[in-house]
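Peer 1: The listed protein sequences derive, respectively, from chains A and B. Take the position in the first sequence, starting the count at 1, then add 7; the result is the number in the working numbering. Take the position in the second sequence, starting the count at 1, then add 7; the result is the number in the working numbering.
Bear in mind the hints are in silico, worked out from the structure with no lab data behind them. Predicted model, so just to flag it, every value in this text is computed and none were measured.
A pair counts as met if it fits within one copy or between any two copies, since identical chains are not told apart.
No more than 25 Å apart at the CA atoms, straight line, and that leaves these computed lysine-lysine pairs for PhoX-like:
| id | residue 1 | residue 2 |
| --- | --- | --- |
| 1 | K268 | K251 |
| 2 | K226 | K270 |
| 3 | K270 | K259 |
| 4 | K27 | K170 |
| 5 | K251 | K270 |
| 6 | K259 | K177 |
| 7 | K251 | K226 |
| 8 | K9 | K64 |
Number of protein chains: 2
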Amino acid sequence: MKIGIIGLGLIGGSLGIALKKMKLISLVCGYDISKENEKMALELGLVDEITEFDEMKKKCDMIFLAIPVEAIITILSQLKDINKKTTIVDMGSTKFKIVNSCPDEIRSNFVATHPMAGTENSGPAAAFDGLLNGAPVVICDDLGADEIHIKRAVEILSFVGMKIIFMDSKSHDHHVSVVSHLPHAISFSLVNSVLKEENRRNIINLDGGSFTSMSRIAKSSPEMWVDIFKQNRENLLNSINSFKNELEICTKMVENGEWEKLKNWMYEARVIREIL
Amino acid sequence: MKIGIIGLGLIGGSLGIALKKMKLISLVCGYDISKENEKMALELGLVDEITEFDEMKKKCDMIFLAIPVEAIITILSQLKDINKKTTIVDMGSTKFKIVNSCPDEIRSNFVATHPMAGTENSGPAAAFDGLLNGAPVVICDDLGADEIHIKRAVEILSFVGMKIIFMDSKSHDHHVSVVSHLPHAISFSLVNSVLKEENRRNIINLDGGSFTSMSRIAKSSPEMWVDIFKQNRENLLNSINSFKNELEICTKMVENGEWEKLKNWMYEARVIREIL
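Looking at chain A on its own, in the form it has when it is part of the complex:
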C-alpha cells in the first residue's frame, strides 16, 4: 500500500515516521505547500520521498491531509477527480465545516478524523516518533463514507497505536471547543495579559512553574489556531462564555471575602485529579 501525506508538519511528519515503520506500507510520500518543509521532511526521514500533488493523487491508495483546517476545505475541492478506491483522511481539529464542505464526488472516499495529540511546536522539525502512539483519534462517521474507507482508516490509525473513538462531527466540534479550543483561547489571553503587565525579568524570576504550564499552548501556531477558531466559532464562543461565568463566580467570592465557599469551589476542581 502506498500512502501520501499532505502537510509535513508536526502531525503529518509524526504520522510519516510511524507509517514508514509499517511493513505493509511500501511507500510513504509527502507533499507540502512549502518547498522548505518538503526538503526538511526528506532530510529528517519523515517520508520516503517527496511527490507532486497530481502524482500523489494518481499513485497513492490513501491520502492524509495534515494541514490547517481552512486549507483542508481548499484541498478537498482539488481532490474531486480522484479514484473511488483512494481513501482520503483529513486530520483537522474541527470537523463539521470540513465534513459539510466535502464535494459530493468524493463523499464516499472521505473519512474525517481528529488525532488528539500535539505539542506547542509546529513544522517538520517538531515531528517525532511516538506522538500519535497511544493518543485518541476521533473518527466522524456521519457523512456517508464507504465502509471500506472507514475500515482502512481504522486499521491504519490503530496500527499507528491510536485509540479509535467514533463521534458525529457536530458533537465532536462541541466537545473539543470545551476541552481543547477554550484552553487555547485562555492561554493566549493569559499570556497577552501578563505581557502587558509584567517585564521579562519578573516573568522569568517569579514563575514557579504555574505560568510555564498555563502559557505553553500559547506558543502554538497562530495560522493553525485562527482557522480553528474561525471554523468552530459558535461553539468556542459558548465555551468562553461558560468559562467567563465561572471566573466571575471566583471573582465574586474573592471580592466578598467568602473564603470557605472559595475553598469548597477549589475542592470541586480537584475532581480533575481522578480524571487526568
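Guided by the hints, dock chain B onto chain A, whose structure is given.
Peer 2: Chain B in isolation, oriented as in the chain A frame:
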C-alpha cells in the same frame, strides 16, 4: 548549625532533604501540626528528627516556616519570645501582610522569603530532592531584619541552590499576583467550567495535552490557595480584571470575525517563546 522546619509538606520537606545534605548543618528538625505528617516526614527521611515547637524555639539557630500564609501570621505571634540570635525565615507565597503582621519583638530576626518552586502536589509524600535547586527565591528586605539574619538566609538558600532576588514585599505581592496567583485562579475556573460542561469520558478522550497543561495547577491544595487569595486579594482582583479585558478582546475578535487581527494577537503571545 541546627535548623528547624515548621511545616513538613512539599516545600518544608524538600527543604529538609536539601539541608540534610549540607555538611555545616548538624541537625535538621521538623515540626508539623499534623502528627501523621511528622511521622511520614521522619519515615521518608525529610528531617533528622521531630521536635516539639517549644523545644525547637530553644535549640535551633534558624527556623523556617513552610506553612500556609495565614498560619505563618499565627506562628509569628508565638515566636515573640525567641532568642535575638535565632533567624526566622518564612516561605509563604504572599509577603506584605506577613511582613506587616510580624511582632515588633522579632522584627530584627525575621526574614520574609518566597521560593518560586512547587508542584500541584502537597504533603510530605510530595517532597523531593531538587525541588528548590535552581529555583528563584525572593527575599523581602524592606522590614528591618538585622543584616546578620538576612546574610544567613542568603547563604543557606544559595547553598540549597536557589537564585536570590531582592524585592520589597509590596512589589512582590503585585508581581506574583500576575505571574502566579492569576494563573491559579484561571486554572481553577477553567476546570470547574469544563467539569460542568463535559463528562469524564469526553475529557479523557478529547484531551490532546492542552487541557492537561491548563488544569495541572487546579490540583493544588485548596487550603494553601484560599489563604493566598485572601492575603493578596486586591492585587489578585486587579490581575483578574486585566485578564478579563484580554479575554474580552479575544472574544470580540472571534465574534466579529476579525481573523487577521486575531492572528496578529496570537503572534503577540508567541513572544513568550523567548522568555520561557
